[in-house]
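Asks: Each chain, written out:
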Amino acid sequence: MGVAIDVQGLTKSFGSQLIWNDVTLTLPAGEISVMLGPSGTGKSVFLKTLVGLLKPDKGSIVINGADLVTLKEHDLYEVRKLFGVLFQDGALFGSMNLFDNVAFPLREHTKKTESEIRKISLEKMELVGLQGAEDKLPGEISGGMRKRAGLARALVLDPEILLIDEPDSGLDPVRTSYINQLFIDLNAQIDATFLIVTHDINTARTVPDNIGLLYHKHLAMFGPREMLLSSEEPVVRQFLNAQTVGPIGMSEEKDADELAAEAASGQQLPPLPPIAPQLGTSNGEPRRGERPAGEWCRANGVIPPPGSFQGPHTSVQVPERTLDQRPELDVGASLDHGAAS
Amino acid sequence: MNVLVSPLKQAGAFFALFLDVMRALPKRPFQTKEFIQQCWFIASVTIVPTALVSIPFGAVIALQLGTLTRQLGAQSFTGAASVLAVVREASPIVTALLVAGAGGSAICADLGSRKIREEIDAMEVLGISPIQRLVVPRVLACMLVAVLLNGLVSVVGVAGGYFFNVVIQGGTPGAYLASFTALAQLADLWTSEIKALLFGLVAAVVASYKGLTAGGGPKGVGDAVNQSVVITFMLLFVINFVVSAIYFQVVPQKV
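Protein chains in written order, with the UniProt record's numbering: chain A, 1 to 341; chain B, 1 to 255.
Bound-form chain A, shown alone (with noise of 0.2 Å):
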């Protein structure tokens, strides 16, 4: 079972610049999480600050009762072996083939013989559909497979969390619907704590159990996947909607002024569309971290958009499924319809 990450009060600025102010939030233990923001909110820095690369200016990082931030050089790599991290370009080692990334964690950490890594390794290696690649170098493989190896070299410790730095950038759609199932299908048997750090909208609204969403230099809203997608707060719902209507900008958030000339205009949002379903596991087994759907709408009184949470419980690879039940058209689909309504 993975282990909670707790965040609490989280400053971190590069010289005068700050990059974000009083970050607080926890990461449920075994659940899929997604931190959204718009380009350049310091995303990427907040995963580094999490597994301990960057030291924030203030705050605390508790992960099994030890504060990350101001633990010791040597405990600081110990509790780094819970960690899985995927980054951006994978992060392969240039000078080794892909069977030796895979198998680098197991031989430097581990006392396991060299057929007990070659098994492990491949086995990883089968899982995210890598077979047969084993004696390429990173530099002769696209953007895609070395994203692929980076997630089986993360995976071959049996993390507790994986951290995943924007799997979709560089992916086309449909490798990205894989890999998406693929981290569902990972959470459902393995039970670590995911967080993915991403700006895709489709991603966002259909994988996690929680969204967090990063703004202006704070943390806007963190919560389970059904609170943020109804909620009506400006930010968010420009943003996980994918609007230019709204307080985001193209440089940095927009002025005052222009905000002003907006509400004058009488430029209303659209109607929040319907919630997707989640994406479920390929077998259709329930993942421990998974609720009900509409359970939080509820629970808490939020009635959610027409539409919402219909279509089944599907998965990239269910075969019989048709093109209008496919989740990432179910957003576009409805996305039309609330418009016209």
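Check each hint, because a few of them may be wrong.
If the Cβ cut is set under 8 Å, some of the chain B residues that face chain A in the computed set are [claimed, not checked]:
#  : residue
1  : R117
2  : E118
3  : E119
4  : D121
5  : A122
6  : E124
7  : L126
8  : G127
9  : I128
10 : S129
Derived lysine-lysine pairs resembling DSSO-like cross-links, with alpha carbons at most 30 Å apart [stated by the list, open to error]:
#  : chain 1 : residue 1 : chain 2 : residue 2
11 : A       : K58       : A       : K217
12 : A       : K111      : B       : K27
13 : B       : K33       : A       : K111
14 : A       : K112      : B       : K33
15 : B       : K27       : A       : K72
16 : B       : K27       : A       : K55
17 : A       : K112      : B       : K27
It is worth saying that the hints were derived from the structure and are not from the lab. Glycine is no exception: its CB is placed at the ideal position from the N, C-alpha and C atoms.
With chain A's structure known, arrange chain B on it following the hints.
Replies: Here is chain B on its own, set in the frame of chain A:
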């Protein structure tokens, strides 16, 4: 304010890395394979240029000294002076140039490109210290290669000096060889090798520091390499001066 603080911060971070490297030196397991690979790599990028630089260097010294000694009427001391010049100063300087320019820049480029590909971060996240794993073997390799290079430069420089003095300027071979030990002593060789050892150490630590702090994409790596070479040059020439000064204070000279 910033003009003052930022170089101090850099220097502080550099010394912090230096101390980290010293602390990681005795840590097991020692990365033997990486050490041997790095020795070979650094040697392969430095040996040929070093040999090619030291021949004209020895020749220039021989030409200058040959003329000077004739003007002073001390031709019999040509050999003595040229050995002294080559071993004491020329070979550490040539070693410094090549260790910083070829060895250091290669280390910096290698670590810098790993840094921007996030390999270094990945390594730390996998619970492995990049200092112990990557920097320590490079520093040791650079020190070993610098010491050996220094020997190479001395030999090639003296041979080059002999050739130019005896063959080109028509000096007496016997007098040239016989006067070798007239002024030079074993302590000269030791000092020269100690200098080389320090040069290797400083060049490798500066290159590693600059490489590990590279940022801002491929251009950042280029800038880091450039800065690392410039900084190393300056430091090595200062160290060369300081060690020479100490040497003259500590070691009694032949009269």
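Asks: Run every hint past the structure and note whether it holds.
Replies: Comparing the hints with the structure gives:
At its closest, the beta carbon of R117/B sits 6 Å from a beta carbon of chain A; the interface hint therefore holds under the 8 Å criterion. Interface hint status for E118/B: upheld, as the beta-carbon distance to the closest one in chain A is roughly 4 Å, under 8 Å. A distance limit of 8 Å between C-beta atoms decides the matter here; for E119/B the minimum to chain A is near 6 Å, and the interface restraint holds. Given the 8 Å rule on beta carbons, the hint for D121/B holds: about 5 Å separates it from the nearest Cβ of chain A.
Checking A122/B against chain A: minimum C-beta separation of about 4 Å stays under 8 Å; hint holds. Given hint, E124/B at the interface with chain A, holds; its Cβ is 6 Å from that chain's nearest Cβ, closer than 8 Å. Among the interface hints, the one on L126/B holds; its C-beta lies about 5 Å from the nearest C-beta in chain A, closer than the 8 Å criterion. The interface hint given for G127/B holds, since its Cβ lies 5 Å from the closest Cβ of chain A, which is under the 8 Å cut-off.
With 8 Å as the threshold, the beta carbon of I128/B comes within range of chain A, its nearest partner Cβ sitting at about 6 Å, so the hint holds. Because the beta carbon of S129/B sits about 7 Å from the nearest beta carbon in chain A, less than 8 Å, this interface hint is met. The hinted pair formed by K58/A and K217/A meets the criterion: a straight-line CA distance of about 14 Å does not exceed 30 Å. Annotation: proposed proximity of K111/A to K27/B holds, straight-line Cα distance about 19 Å (limit 30 Å).
Between K33/B and K111/A the alpha-carbon distance is near 19 Å, which keeps this suggested pair within the 30 Å criterion. For the hint pairing K112/A with K33/B, the CA-to-CA distance comes to about 20 Å; that is within 30 Å, so the pair holds. For the suggested pair K27/B and K72/A, the alpha carbons sit about 17 Å apart, so the restraint of at most 30 Å is met. Pair hint K27/B plus K55/A holds up; C-alpha atoms about 25 Å apart against a cutoff of 30 Å.
Distance check on the hinted pair: K112/A and K27/B sit about 22 Å apart at the alpha-carbon level, within 30 Å; holds.
Checked against the numbered hints listed earlier, the structure breaks none of them; every hint is satisfied.
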